[in-house]
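Just so you know, the protein sequences line up as chains G, E and R, in that order. To get this note's numbering, take the position in the first sequence, counting from 1, and add 138. To get this note's numbering, take the position in the second sequence, counting from 1, and add 12. To get this note's numbering, take the position in the third sequence, counting from 1, and add 291.
Any given hint could be a false lead.
[Said to hold, decoys possible] One side only, chain R facing chain E, incomplete, derived with CB under 8 Å:
| # | residue |
| --- | --- |
| 1 | 322 |
| 2 | 326 |
| 3 | 617 |
| 4 | 651 |
| 5 | 660 |
| 6 | 662 |
| 7 | 673 |
Treat the hints as calculated values from the structure; they're not laboratory data. All C-beta atoms, glycine included, are put in the ideal place defined by N, C-alpha and C.
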Amino acid sequence: MADRHAVLSCGPLPGSDMHPILTLILQRLALGLLLLLAASALIFGLTEILPGDAAQAILGQSATPESLANLREEMGLNRPALTRYAEWLGGVVTLDMGNALTNKLPIADQIASRMSNTLFLAFWAAIISVPLAILLGLIAVRFQNRWPDKVISGVTLASISLPEFMIAYILIFFFAVKIMTLNIFGWTPTPFPSFANIYPGMGLGEKLFAIALPVAVLTLVVLAHMMRMTRAAILNVMQSAYIETAELKGLTTFAVIYRHAFPNAIAPIVNVVMINLAYLVVGVVVVELVFAYPGMGQYLVDAVVKRDVPVVLACGVIFAAVYIILNIVADVVSILANPRLRHPK
Amino acid sequence: MLKNIPLSAMIGLIVTGTYFLAAIFAGVIAPYGMAETVGDVWEPSSFEFWLGTDQIGRDLLTRMIYGGQTTIFIATAATILSFTTGAVLGFVAAVNGGWIDQVMSRLVDLFMSIPSLILALVILSSIEATVVTLIVIMGLLDSTRVYRLARAVAVDISVMDYVEAARLRGEKLAWIIFREILPNALSPLVAEMGLRFIFMVLFISTLSFLGIGVQPPLADWGGIVKENKEGINFGIGAALYPAVAIATLAISVNLVADWILNRTTSLKGGRG
Amino acid sequence: MTEPLLKVRGLKIGATVYPPGEKPHDIEIVHGVDFDVAPGKVLGLIGESGAGKSTIGLATMAYGRGGVKLTGGSVEVNGRDVLQSGTRDVRRLRGAEVTYVSQSAAASFNPAKQIMEQVIEAAVGQGKFSRSDAEKRAVELFTKLGLPDPQNIGNRYPHQVSGGQLQRCMTALALCPEPDLVVFDEPTTALDVTTQIDVLKAIKDAIRDTGVAALYITHDLAVVAQVSDHIMVLRHGNMVEYGTTDQIINAPQQEYTQALVSVRSITHEEKQPTEPVLRVQGITARYKGTKFDVLHDVNVEISPGQTLAVVGESGSGKSTLARVITGLLPPRDGTITFAGRKLSPDQPSRAREDLRELQMIYQMADVAMNPRQTVGTIIGRPLEFYFGLRGAEKQQRIQELLDEIELGTGFQDRYPAELSGGQKQRVCIARALAAKPKLIICDEVTSALDPLVADGILKLLLELQKIEDVAYLFITHDLATVKAIADSIAVMYQGKVQRYGTKSEVLTPPFDDYTDLLLSSVPEMKLGWLEEVIAHRKMESAGN
Chain G
139 MADRHAVLSC GPLPGSDMHP ILTLILQRLA LGLLLLLAAS ALIFGLTEIL PGDAAQAILG
199 QSATPESLAN LREEMGLNRP ALTRYAEWLG GVVTLDMGNA LTNKLPIADQ IASRMSNTLF
259 LAFWAAIISV PLAILLGLIA VRFQNRWPDK VISGVTLASI SLPEFMIAYI LIFFFAVKIM
319 TLNIFGWTPT PFPSFANIYP GMGLGEKLFA IALPVAVLTL VVLAHMMRMT RAAILNVMQS
379 AYIETAELKG LTTFAVIYRH AFPNAIAPIV NVVMINLAYL VVGVVVVELV FAYPGMGQYL
439 VDAVVKRDVP VVLACGVIFA AVYIILNIVA DVVSILANPR LRHPK
Chain E
13 MLKNIPLSAM IGLIVTGTYF LAAIFAGVIA PYGMAETVGD VWEPSSFEFW LGTDQIGRDL
73 LTRMIYGGQT TIFIATAATI LSFTTGAVLG FVAAVNGGWI DQVMSRLVDL FMSIPSLILA
133 LVILSSIEAT VVTLIVIMGL LDSTRVYRLA RAVAVDISVM DYVEAARLRG EKLAWIIFRE
193 ILPNALSPLV AEMGLRFIFM VLFISTLSFL GIGVQPPLAD WGGIVKENKE GINFGIGAAL
253 YPAVAIATLA ISVNLVADWI LNRTTSLKGG RG
Chain R
292 MTEPLLKVRG LKIGATVYPP GEKPHDIEIV HGVDFDVAPG KVLGLIGESG AGKSTIGLAT
352 MAYGRGGVKL TGGSVEVNGR DVLQSGTRDV RRLRGAEVTY VSQSAAASFN PAKQIMEQVI
412 EAAVGQGKFS RSDAEKRAVE LFTKLGLPDP QNIGNRYPHQ VSGGQLQRCM TALALCPEPD
472 LVVFDEPTTA LDVTTQIDVL KAIKDAIRDT GVAALYITHD LAVVAQVSDH IMVLRHGNMV
532 EYGTTDQIIN APQQEYTQAL VSVRSITHEE KQPTEPVLRV QGITARYKGT KFDVLHDVNV
592 EISPGQTLAV VGESGSGKST LARVITGLLP PRDGTITFAG RKLSPDQPSR AREDLRELQM
652 IYQMADVAMN PRQTVGTIIG RPLEFYFGLR GAEKQQRIQE LLDEIELGTG FQDRYPAELS
712 GGQKQRVCIA RALAAKPKLI ICDEVTSALD PLVADGILKL LLELQKIEDV AYLFITHDLA
772 TVKAIADSIA VMYQGKVQRY GTKSEVLTPP FDDYTDLLLS SVPEMKLGWL EEVIAHRKME
832 SAGN
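Given these sequences and hints, build the entire structure.
If you want it as structure tokens, here you go:
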């Protein structure tokens, strides 16, 4: 059996003098760049293949063929798709994404402020959910198959079974509305705002209060996935034979986890975190809409409803890029954390 | 076989079955017409209107039943589309290998490198959302995931010694796929089908909520939330009923899927 | 007599099982076992899989793997009952008084840490040695265990050393804290036979020099006979027999022990070669996408109704040869002639008659049968496929085949998961026989089985050879098996046939160095064999 598989494992590229791990990472980065390019082409292509174009969108269904043709000429839509793709891509790279169809404003300006709002929201959601998920994952593993584990799994199953906007409205219902009817010894708590409007000039405290509910929703959504995956990743490590060896050395539970489980669990956990941060990117779209939060997601959905294709393209490609980059980071971290690759024979 | 169903799976089966029956017989069991205005705006629940009325005075229970019909129909159709496409292509890729496998797998990698909600939004910015286009878009986008699973399962099985034994015997490709691989791949695929179905329910609800899914006057669960969301600020929970419906449906399908997956390891004909 | 170091009385061990579709329930896997180990003595625990020997070994460290619970009796180490000890006392026992060497050192070393770090961890952590003293002791142990470059090997990571070396490192890890007792759990089972003997010798010397007591757990009586003072034979969680090594090997009292001792004593009269049914000429092969040949100019022949044994260690190319003959790996050069016809190099283009007459049996019977097909379907398919048998005729033939493999009635409707390991392999044999082949390739067919079961399979194969006049190409790493059944032998080493001829030719000196090494490495059920062999070796083992 063994000799059949031995030959299949392939080492680093022959003939390279670089540390093999560097070669691997460079390969991964090059592949990532290629993927980004292909993804942008796919997004551009999808708006091309399908019937209807920007001119049609501006003029509406009732437009005469002549006026359509004129506008197409004017907007340069008659040129080959590949030329227009190259132009568009060049624009994206130089942060010039053209103007929106609807309000004729430069898209890049719009995106700049919205992007920072979205990142602000995602940042706080990540800051809360990542440590919490890892902690809960550890608790679930520590009490595997006992009640804390079961409670955690039950709650996560429920929150996975609900769409983001549902969680949002449930939270709004209780923490922005019903909370006002509470009366605790004459004190009525201030309701959380159900519209998360932030604007320049707001203090950090005000901003944080404003986004409390959206952050809570995003945290809940990501937490469930992240916790489940963290639990699985740690369990996988804890079932390894070397953990048994460590236990049979008479080490304390803490030492077993800290010295033997942790170094091996870093890579899978980082992977889980990255995948879920990528998931956050999508969750943001819906949550921003619910709370009327002036971010990228709302901008994108608005543009889709108004058929503002240039805006959709710009937002779509940015979301895709963030998602792909996070995945590349996850891959690079797992390469770096692998002792077999770090210390080659 | 029915004797050995654990309680959780039994509950899952009953709840799922109820939802599907309600969807099929919506026209029979709904107390009022789908678009019929029968009461005042946001009436509380009463003997007349069990769940109260919605933002323009339609019976909410009726809306929920018809909404369930739309949601479940679209999700089911998209799941079937996603499964047939994904599983067939995945098996073909696994058994053939070579460049067919390479091309299809790289293409699927590309599609999966972009979140499907973002892709759906991009596509829906250029074409009209109808029940048919929604089913096709959702089904095809999701088939990439099924493809990956089907291919992985089939590749795992096709390197088994019993498949090699069948090849050495001289069996044809059809025998190998349908008699050796498929029976062993069925359980994980069926369990995955449940999970994909839940995902479809969540997906279509999200699209409708965003206003780019099912269009009025058709009702669906995501749409009902959208229509009634203003009520939340007045403490009216009409928008929360779909939440309950989606959550209970999703959890019960999950329970059934879990059971099917666990059954795979059982003694008779098990894989383990 | 001195007070025993380890005193086990009425040890009962239970486990919770989770059969799918049923409620989890508790079963007892060890039913009250008593034994003592005196300081500095070695007790061998021997038994087949499921005998509970590893579980008992771990119980001496108050450890239950997975859902295993120590339910009754007492385990006294240095006069203290470890089953009644608190967590802190148990922690002080593990890694200080009792240490453990597992079967797979590769899995038991933390891949993220250097070897030295892990070897001295218990000794330092338990306060037995300072860090520098522990490192000094580790280097001494590395030297004693015959590891190359003992000063620096500790700086390497586990994946940077070979399997045999890692197993020695694990022994160093266990001996470093100067324990009173070491539990060796099948420490050489995963190694190639020529490597096993070196590791075994290293372990034996280390035990002797450090004066530590040991529990040596294995399924191989010949191995345990080399290292232990006493042997306890276990079966299904009960003690079968206990005695000195000499008594167990030379005068076993119980029938089960006698069977274990006499295993592989099959006598098979060698037949003389005739006009061959299979002729392999000048085969050179490599795997797709690789740059080196795994087979170089291989030439062998098999006579009808006879057995050619292809022996070699992992990586020798013996399984690749089987893939070339079956056509799964078309060779780069050379021809295969079968029953007078030249075989097409790739399997899909072979004639159905060629496929029928050349059958195959695999090492792992459980993955060689489709778990969703019944025994009747599995055996019936070749009947249908090659001979077009249907209905009652087919049923009758299936039953005949089941009788031939000694399974009898009632097996047709069972699924593979409902059979024992030996029964599964028998069904695979029946499936091959159903095609009425001229040649069956047997790829390590007994190596996954317990010795007694394996013995039964070998006897059956020999019996069937007489009845059906079928030839076997028998691929194995186990020379005892070869001696038992072969008519001719090909010894393979690094993709080449090192020695080839009739059994008596191959096994008669003078030997080339590799064949000598291989032949001498097979443990013999004889006291003092290990020392004799080591004294006579001409060549280092391949795995080092």
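Evaluation of the provided hints:
{"no.": "1", "hint": "322", "result": "violated (25 Å)"}
{"no.": "2", "hint": "326", "result": "violated (35 Å)"}
{"no.": "3", "hint": "617", "result": "holds (6 Å)"}
{"no.": "4", "hint": "651", "result": "holds (6 Å)"}
{"no.": "5", "hint": "660", "result": "holds (5 Å)"}
{"no.": "6", "hint": "662", "result": "holds (5 Å)"}
{"no.": "7", "hint": "673", "result": "holds (6 Å)"}
In this structure, the hints that do not hold are numbers 1, 2, in rising order.
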